[in-house]
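Going left to right, the sequence shown walks through residues 0 to 146 as numbering that gives the first Met the number 0 numbers them.
Bear in mind the hints are in silico, worked out from the structure with no lab data behind them.
Treat the hints loosely; a few may be bogus.
Label pairs and their computed distance ranges (CB to CB) [claimed, not checked]: (1) Leu43 / Arg116: 16 to 26 Å; (2) Ala119 / Asp90: 38 to 48 Å; (3) Glu88 / Phe122: 20 to 30 Å; (4) Phe103 / Gln58: 22 to 32 Å; (5) Leu110 / Gly83: 17 to 27 Å; (6) Asp55 / Ala81: 30 to 40 Å; (7) Val69 / Val28: 48 to 58 Å; (8) Gly53 / Ala77: 21 to 31 Å.
All C-beta atoms in this analysis are idealised placements derived from N, C-alpha and C, irrespective of residue type, glycine included.
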Amino acid sequence: MAVTRGLTARPGHHHQENPLRSGKLRTIVGITFGNWLSRAYLGLAGFLLLIGAGDDGSQTAGLWALLLAVPTGAALIAMVNAAGEWAPESDAVVWFILLFSYLFQAFLLGLAARAVRQAAERFGRRPATAPQWENLPEETSGKSVES
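Hey, can you work out the whole structure from these sequences and the hints?
What follows is the structure, encoded as structure tokens:
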């Protein structure tokens, strides 16, 4: 007799869901990476980090990479500095703070892009071109134009 484990579900017991297929995680990832604004921000941050990293890197690119992490990165570095010896400011900590800041701010940009898109859909999009002549209101001066 063959023993089969895990092939049948027992009543009242639910199998554990894969966290990567979870609705909340998919939503967070979709907001963070699922729009052009967030992807452009992350691409620019990654590009500047690649150019500015290391001793032979461009100082200007490194400075811009740090500035892209403001205000989240500045607040986190201030908290690390305030913690003193408990949380030493090493290269790994600074890299973690930069990466976390970039991802968090990309998430916020994604939320903003989503809000703008939903507002445009809710209130209807206005045409970007001039109105058509037949849609203009008729003149109410009492004179009628007849041909």
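Structure-based check of each hint:
For Leu43 paired with Arg116, a C-beta distance near 21 Å keeps the hint of 16 to 26 Å intact. The given range of 38 to 48 Å is respected by Ala119 and Asp90, whose C-beta atoms sit roughly 43 Å from each other. Between Glu88 and Phe122 the beta carbons are some 47 Å apart, a value that contradicts the proposed interval 20 to 30 Å. Distance hint for Phe103 and Gln58: a CB-CB separation of about 25 Å, consistent with the stated range 22 to 32 Å.
Checked against the hint of 17 to 27 Å, the C-beta distance between Leu110 and Gly83 comes to roughly 34 Å, which is inconsistent with it. Asp55 and Ala81 have their C-beta atoms about 32 Å apart, which keeps the hinted 30 to 40 Å range intact. Roughly 24 Å separates the CB atoms of Val69 and Val28, a value that falls outside the hinted 48 to 58 Å. Taking the beta carbon of each, Gly53 and Ala77 are about 25 Å apart, inside 21 to 31 Å as hinted.
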